[in-house]
Amino acid sequence: MLMTALAILFMANAPVSEEGYQIGDVVDDFRLKNVDGNPVSLADYPDAKGFIVIFTCNTCPVAKGYEDRIIALDREYKPQGYPVIAINPNDAGVDPNESYEKMQQRAQEKGFTFPYLLDPDHVVTKRFAATHTPHTFLLQKTAEGNVLQYIGAIDNDSRGGDPDTKFVEDAIAALANGKKPEPNVTKAVGCTIKWKKSA
Amino acid sequence: MSGYFIRILAIALLSADRLSAQERVPLVTLDQLEERLAAGGDTTFVVNLWATWCAPCVAEMPHFDQLQRAYRSKPLQVLFVSLDAEKNHGAVVKFVEKKGIKSEVLLLNERDEQYFIPKISMEWSGAIPATLFVNAEKGIRVFKEQEFNYQQLETNYLSILQQKNVP
Chain A
1 MLMTALAILF MANAPVSEEG YQIGDVVDDF RLKNVDGNPV SLADYPDAKG FIVIFTCNTC
61 PVAKGYEDRI IALDREYKPQ GYPVIAINPN DAGVDPNESY EKMQQRAQEK GFTFPYLLDP
121 DHVVTKRFAA THTPHTFLLQ KTAEGNVLQY IGAIDNDSRG GDPDTKFVED AIAALANGKK
181 PEPNVTKAVG CTIKWKKSA
Chain B
1 MSGYFIRILA IALLSADRLS AQERVPLVTL DQLEERLAAG GDTTFVVNLW ATWCAPCVAE
61 MPHFDQLQRA YRSKPLQVLF VSLDAEKNHG AVVKFVEKKG IKSEVLLLNE RDEQYFIPKI
121 SMEWSGAIPA TLFVNAEKGI RVFKEQEFNY QQLETNYLSI LQQKNVP
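Chains as they are written, first to last, in my numbering: chain A, 1 to 199; chain B, 1 to 167.
Don't read these hints as lab results, they were simulated from the structure.
Among these hints, one or two may not hold up.
[Unchecked claim] The calculated label-pair distances, taken between Cβ atoms and stated as ranges, are:
(1) B/Ser121 / A/Gly160: 18 to 24 Å
(2) B/Ser20 / A/Val94: 34 to 40 Å
(3) A/Asp25 / B/Tyr115: 26 to 32 Å
(4) A/Gly93 / B/Glu137: 43 to 49 Å
(5) B/Gln32 / A/Gly160: 16 to 22 Å
(6) A/Gly145 / B/Lys164: 48 to 54 Å
(7) B/Ala91 / A/Arg75: 30 to 36 Å
[Claimed, not checked] No farther apart than 25 Å at their CA atoms in a straight line, the calculated lysine-lysine pairs in the PhoX-like style are these:
(8) A/Lys110 / A/Lys78
(9) A/Lys33 / A/Lys196
(10) A/Lys64 / A/Lys110
(11) A/Lys49 / A/Lys180
(12) A/Lys126 / A/Lys33
(13) B/Lys119 / A/Lys166
(14) B/Lys144 / A/Lys196
(15) B/Lys144 / B/Lys164
(16) A/Lys102 / A/Lys197
(17) B/Lys164 / B/Lys74
(18) B/Lys102 / B/Lys87
(19) A/Lys126 / A/Lys197
(20) B/Lys94 / A/Lys64
(21) B/Lys87 / A/Lys64
(22) B/Lys144 / A/Lys126
(23) B/Lys144 / A/Lys197
(24) B/Lys87 / A/Lys166
Glycine residues also receive a C-beta, built at the ideal position from the N, C-alpha and C atoms.
Chain B on its own, in the form it takes in the complex:
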């Protein structure tokens, strides 16, 4: 929760152009991402896999921001993980600023699709948009290769919220 507010505050205080590309959209390896998800305790991560070139991805992004806003008092963390090529890092930053994306955005710094696609989920064909729901404490990792409207996204999140911890 506080992380989200600090981030919003940071973005509000610093004018966009003073944030470097690396600060606004950090590069992250899959290991770094997985470590963060694993260390999240009861935080439910909603990891949206997207790219600037993917029209249905771009169309559904506001729903994820809306979810983050609606449940800001809950341990919920939306992460937009861009699959744009690393050489387009600057374009991703510009896009995020232009669209006013509120949730955290990362750029996946992995080239080998035979490595990262099955590691994120064996169910993933590679098509985007796709979204991964992770709650380490509850032992939940749910992968959905689909587009979401807000209601579907909220339903998925709430079903995780309502699950009891695994003993």
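Same shape as in the complex, but just chain A:
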């Protein structure tokens, strides 16, 4: 009973927002396991001009509502040098539907054209300070490394599915024209990340 109370307390006290990368920061590479069993790093993409890193998951209805739009983004922008890298920030111990097997299943069902990576212990999630799913971070590859250029929503309709402004596409277009994305930070309603309960 006490343990349950403690568990609930810890769960609710889990970090919701920590200082992560800011716009203009160079992002460290990572090496996370993909649903195909192989590890994926940003360094695996020598020809990329940048990356659309999206924290997304199996269970959040908003994130699921975006799956087709994420696939479309990857189809459109991978050939242009900006592949999608999806990372599941959620802990399978909190929600079994976020397990690696369920990720494999989801990726197969939806025909994901991009890697869908496991982030055990939220290591990469915390570096980016992702707070919810879906949460997007656009990186631009430069001589200094992969620079964070945009944080936020994919487009301006997270709930209705009928956007008239496509933030990520506009941001990539700006970068392609040698400009900075404007806006470079947007907000959207999404699902809180399911943080691992403290042992």
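Based on these hints, arrange chain B on the given structure of chain A.
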């Protein structure tokens, strides 16, 4: 206090299906909501931002109803503000009735997240559940992007209750 009882009475007297969607879960713009919070005097508003599709939101809703019940003699007003898309208004009403939600439920009639998210709080990433505590007379506006258990919710409310008015 009386508003709460009148509402309970109204819900009890009118069978659920006789209340229209607009009566059971009114649409509210952010301006309308803010006006109400600003005009609340010493009422402490506990504004819970939720959606029918958000499992942790749904899980914590009974705690808010419990708080409203426990402090019904105090100037406390729980407001459940749904972020469901307006096209799902009917589904929100059905959900509220099925779950037997006692506190007042509103549907936020705003589409532009770049407008309403930072206006509700600059601290808000957009993740839900999230809860805003407002007491106009005391000049309090506290935003929490987290899930609450009952004890945490009560602690937050009591800390506001115990604060003196700003001079």
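Here is how each hint holds up against the structure:
1. B/Ser121 / A/Gly160: 18 to 24 Å: Holds: the Cβ-Cβ distance is about 22 Å, inside 18 to 24 Å.
2. B/Ser20 / A/Val94: 34 to 40 Å: Since serine 20 of chain B and valine 94 of chain A have Cβ atoms about 39 Å apart, the given range 34 to 40 Å holds.
3. A/Asp25 / B/Tyr115: 26 to 32 Å: holds (27 Å)
4. A/Gly93 / B/Glu137: 43 to 49 Å: Hint holds: Cβ distance 44 Å, inside 43 to 49 Å.
5. B/Gln32 / A/Gly160: 16 to 22 Å: holds (21 Å)
6. A/Gly145 / B/Lys164: 48 to 54 Å: Given a distance of about 52 Å, which is inside 48 to 54 Å, the answer is holds.
7. B/Ala91 / A/Arg75: 30 to 36 Å: holds (32 Å)
8. A/Lys110 / A/Lys78: holds (18 Å)
9. A/Lys33 / A/Lys196: Distance of about 18 Å is within 25 Å: holds.
10. A/Lys64 / A/Lys110: Within the cut-off at roughly 10 Å; holds.
11. A/Lys49 / A/Lys180: holds (15 Å)
12. A/Lys126 / A/Lys33: Holds, because 17 Å separates the two Cα atoms, which is no more than 25 Å.
13. B/Lys119 / A/Lys166: Holds: lysine 119 of chain B and lysine 166 of chain A sit about 21 Å apart, inside 25 Å.
14. B/Lys144 / A/Lys196: Holds, at about 19 Å.
15. B/Lys144 / B/Lys164: Measuring from Cα to Cα gives roughly 21 Å; hence the hint holds.
16. A/Lys102 / A/Lys197: holds (20 Å)
17. B/Lys164 / B/Lys74: Holds, because 15 Å separates the two Cα atoms, which is no more than 25 Å.
18. B/Lys102 / B/Lys87: holds (23 Å)
19. A/Lys126 / A/Lys197: holds (15 Å)
20. B/Lys94 / A/Lys64: With Cα atoms ~23 Å apart, lysine 94 of chain B and lysine 64 of chain A stay inside 25 Å; holds.
21. B/Lys87 / A/Lys64: holds (18 Å)
22. B/Lys144 / A/Lys126: Judged against 25 Å, a Cα distance of about 19 Å means the pair holds.
23. B/Lys144 / A/Lys197: holds (19 Å)
24. B/Lys87 / A/Lys166: holds (21 Å)
In this structure, every one of the numbered hints holds.
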